[in-house]
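Number of protein chains: 2
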Amino acid sequence: MILTKKAKNKPEVVALIMAGGHGERFWPKSRASRPKQFLSLCGGKTMLQQTVERIDPLVPPERVFIATGRNYVSLCTEQLPGVPPENIIAEPLSRDTAACIGLAALDIEKRYPHAVMLVLPADHILSDVPAYLAKLEKAVSVAFSGLNIVTLGIKPDRPETGYGYIQQGELVSRDERTEVYRVKAFKEKPDLPKAEEFLAKGGYLWNSGIFIWRVDTIKKLIARYMPMLHMHLETIRAAAGTEEEQDVLNREFALLRKISIDYGVLEKAKDVYVIPGEFGWDDVGNWLSLRRTRPCDESGNVVSCRHVGIDTKNCIIEGGEKLLVTAGLNDVVIVVTEDVVLACTKEKAGRMKDIINVLKEKNLISYL
Amino acid sequence: MILTKKAKNKPEVVALIMAGGHGERFWPKSRASRPKQFLSLCGGKTMLQQTVERIDPLVPPERVFIATGRNYVSLCTEQLPGVPPENIIAEPLSRDTAACIGLAALDIEKRYPHAVMLVLPADHILSDVPAYLAKLEKAVSVAFSGLNIVTLGIKPDRPETGYGYIQQGELVSRDERTEVYRVKAFKEKPDLPKAEEFLAKGGYLWNSGIFIWRVDTIKKLIARYMPMLHMHLETIRAAAGTEEEQDVLNREFALLRKISIDYGVLEKAKDVYVIPGEFGWDDVGNWLSLRRTRPCDESGNVVSCRHVGIDTKNCIIEGGEKLLVTAGLNDVVIVVTEDVVLACTKEKAGRMKDIINVLKEKNLISYL
Numbered sequence: 048m049i050l051t052k053k054a055k056n057k058p059e060v061v062a063l064i065m066a067g068g069h070g071e072r073f074w075p076k077s078r079a080s081r082p083k084q085f086l087s088l089c090g091g092k093t094m095l096q097q098t099v100e101r102i103d104p105l106v107p108p109e110r111v112f113i114a115t116g117r118n119y120v121s122l123c124t125e126q127l128p129g130v131p132p133e134n135i136i137a138e139p140l141s142r143d144t145a146a147c148i149g150l151a152a153l154d155i156e157k158r159y160p161h162a163v164m165l166v167l168p169a170d171h172i173l174s175d176v177p178a179y180l181a182k183l184e185k186a187v188s189v190a191f192s193g194l195n196i197v198t199l200g201i202k203p204d205r206p207e208t209g210y211g212y213i214q215q216g217e218l219v220s221r222d223e224r225t226e227v228y229r230v231k232a233f234k235e236k237p238d239l240p241k242a243e244e245f246l247a248k249g250g251y252l253w254n255s256g257i258f259i260w261r262v263d264t265i266k267k268l269i270a271r272y273m274p275m276l277h278m279h280l281e282t283i284r285a286a287a288g289t290e291e292e293q294d295v296l297n298r299e300f301a302l303l304r305k306i307s308i309d310y311g312v313l314e315k316a317k318d319v320y321v322i323p324g325e326f327g328w329d330d331v332g333n334w335l336s337l338r339r340t341r342p343c344d345e346s347g348n349v350v351s352c353r354h355v356g357i358d359t360k361n362c363i364i365e366g367g368e369k370l371l372v373t374a375g376l377n378d379v380v381i382v383v384t385e386d387v388v389l390a391c392t393k394e395k396a397g398r399m400k401d402i403i404n405v406l407k408e409k410n411l412i413s414y415l
Numbered sequence: 048m049i050l051t052k053k054a055k056n057k058p059e060v061v062a063l064i065m066a067g068g069h070g071e072r073f074w075p076k077s078r079a080s081r082p083k084q085f086l087s088l089c090g091g092k093t094m095l096q097q098t099v100e101r102i103d104p105l106v107p108p109e110r111v112f113i114a115t116g117r118n119y120v121s122l123c124t125e126q127l128p129g130v131p132p133e134n135i136i137a138e139p140l141s142r143d144t145a146a147c148i149g150l151a152a153l154d155i156e157k158r159y160p161h162a163v164m165l166v167l168p169a170d171h172i173l174s175d176v177p178a179y180l181a182k183l184e185k186a187v188s189v190a191f192s193g194l195n196i197v198t199l200g201i202k203p204d205r206p207e208t209g210y211g212y213i214q215q216g217e218l219v220s221r222d223e224r225t226e227v228y229r230v231k232a233f234k235e236k237p238d239l240p241k242a243e244e245f246l247a248k249g250g251y252l253w254n255s256g257i258f259i260w261r262v263d264t265i266k267k268l269i270a271r272y273m274p275m276l277h278m279h280l281e282t283i284r285a286a287a288g289t290e291e292e293q294d295v296l297n298r299e300f301a302l303l304r305k306i307s308i309d310y311g312v313l314e315k316a317k318d319v320y321v322i323p324g325e326f327g328w329d330d331v332g333n334w335l336s337l338r339r340t341r342p343c344d345e346s347g348n349v350v351s352c353r354h355v356g357i358d359t360k361n362c363i364i365e366g367g368e369k370l371l372v373t374a375g376l377n378d379v380v381i382v383v384t385e386d387v388v389l390a391c392t393k394e395k396a397g398r399m400k401d402i403i404n405v406l407k408e409k410n411l412i413s414y415l
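Chains as they are written, first to last, in the working numbering: chain A, 48 to 415; chain B, 48 to 415.
Just chain A, same shape as in the assembly (with noise of 0.2 Å):
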């Protein structure tokens, strides 16, 4: 390993995660209070708790940032007494994952000016936690190496439609666990017919919101193609340490534009490198994603409550203290919380956001 060899080179590490997500499509497990992240969707820690715990080989708790919103400061304190508080970014508004990286870097370079940084979603699973962390690895020592971008890349086993797609370029580097390739081009979330045609060719990846840099190569990097963003932040950080430096930040940040890192920065940037792995990564995207994350009954059914079925096949029941007797049901998605049920078909459950919006107009807010 690169890292072990050149001990005296060895770079700190720190690592970012993004836990601003409101988490919708989780609803109404998942609540405007309490997004996914914050919950145990899959095994007894959250996925927030996870996403901690997995990286600690690499980045002990000191050295984990957690990006998020102000309402869920206190949620992150209270789940991960291991993180200093002055580690919680609290972003005042939603603006995307550009501006959210960009306000972290201030408070990064602060204290690891010449830092590695890697920003994980707080939201997603994996199950080959070793191959991760091998992966991660080498990501580092590339980033480290110069003004480098890295993602990881998954490799994808379905035709998704719901992933943005890295199409890989040539191979720059290989050991015997990790190959590294140059980024050919990014690719929008595709329709089936592409989906399949990325598959069949290979050469595809997922982009799994997974990044690695030096803090200073982001900074540049963000001066270079997003000038305005680059300069918000430096007015935001002029501030820092003064009395205004709270109405500086809300004042900043309502000035931004929602814009995506990967669309602000990697997909204009130059010297961008993909790893691809498979490490059971799930983004965890909604109700429908459990049947890929959990084990299912012999009728295909995921199942998280006392349930008796009965011709109930491709379920999934979630619920709560309640017994929960389904018949004649295929398909369905029943959500049992402490103030709501939720019954609804598959497809419907997979697109939540147009129940949240007819909750929305019905002024049903306390139940989001």
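None of these hints come from the bench; they were simulated from the model.
Don't take every hint at face value.
Copies of one chain are not kept apart here, so a pair can be met inside one copy or by any two copies together.
[What the hints assert, rightly or not] Keeping only pairs whose Cα atoms sit at most 27 Å apart, straight-line, the calculated DSSO-like set for lysine-lysine is:
no. : residue 1 : residue 2
1   : 57        : 76
2   : 360       : 407
3   : 57        : 157
4   : 234       : 305
5   : 360       : 409
Chain A is already provided as a structure; the job is to place chain B on it using the hints.
Leaving out everything else, chain B in the frame of chain A:
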């Protein structure tokens, strides 16, 4: 009216309300510990309370008798404070309507040997009470005038396969409000083509389970057509007031066969009359029947809780305190109780016994 004209011959009228049903078809709202007749499925009062109230102009509560299972005696006294506790007749076991009526007749004849007895199911509803009472009054006068059995028959408005039918014979009496026919034949629950034939032909009525006779008449007819039942009832009567009363009752009841009064007496008796009526009667047989007895929303859903339906049609939604959200569902029944959520197709809800049996097999008795 015959009754008012012949005031000096005015019969004493008592009512026997049969409230022994287990009400499995409304599971999980109806439970073994609280069957349908003790619930308010349609309106504020329970069905039993409504049954008693409805006949009040004809039969005051002091002359109302309730036949029920031993476990339900306290529910009856609780729900019917006006009915004297000694009028509640506890059957040791369910032995169908002939045994129930025979046992009740023993009690009733002691105090009202010449009374006319209305026999009424506790778990039906009807909306036109004045019409119902007018038919009952006429039935009382017919029953009083001889060794007659009188039934109320409901004019069918659909080819229902869930009810028995009564074929009308010759018209024997008519006034401006009421016609009395001889019964030509009782017909078992028909299949759909047969039911359609009945409806098309006319002259067929639904058997409402409402019977009217003098107490001495039914005693004589049981003695004639059901000599075994008569013998057991005589043994029970002989033990009444002795120390062995309960033991004898238990023992004799256990020896009885389950036979309905329709099969045991009505189909064999000679002077059986039917009075046709249409007073918004419904037997509220199962969840599906609520479609007929409760208002629907514009999508055909019957809803009794806070509900948001998105592309939801012809569903039965019986919730509790929780918000119930449905999307993309047709012809589904959802019932939420304190400890159970049931979600099933209407087809399955129409065969609740199958669901109950599965729960029994799985030893989930406490939920029944």
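Here's how the hints hold up against the structure:
no.	hint	in the structure
1	57 x 76	neither (43 Å within a copy, 66 Å between copies)
2	360 x 407	between (31 Å within a copy, 21 Å between copies)
3	57 x 157	within (19 Å within a copy, 102 Å between copies)
4	234 x 305	within (19 Å within a copy, 73 Å between copies)
5	360 x 409	between (32 Å within a copy, 19 Å between copies)
The structure fails hint 1 only (numbered hints given earlier).
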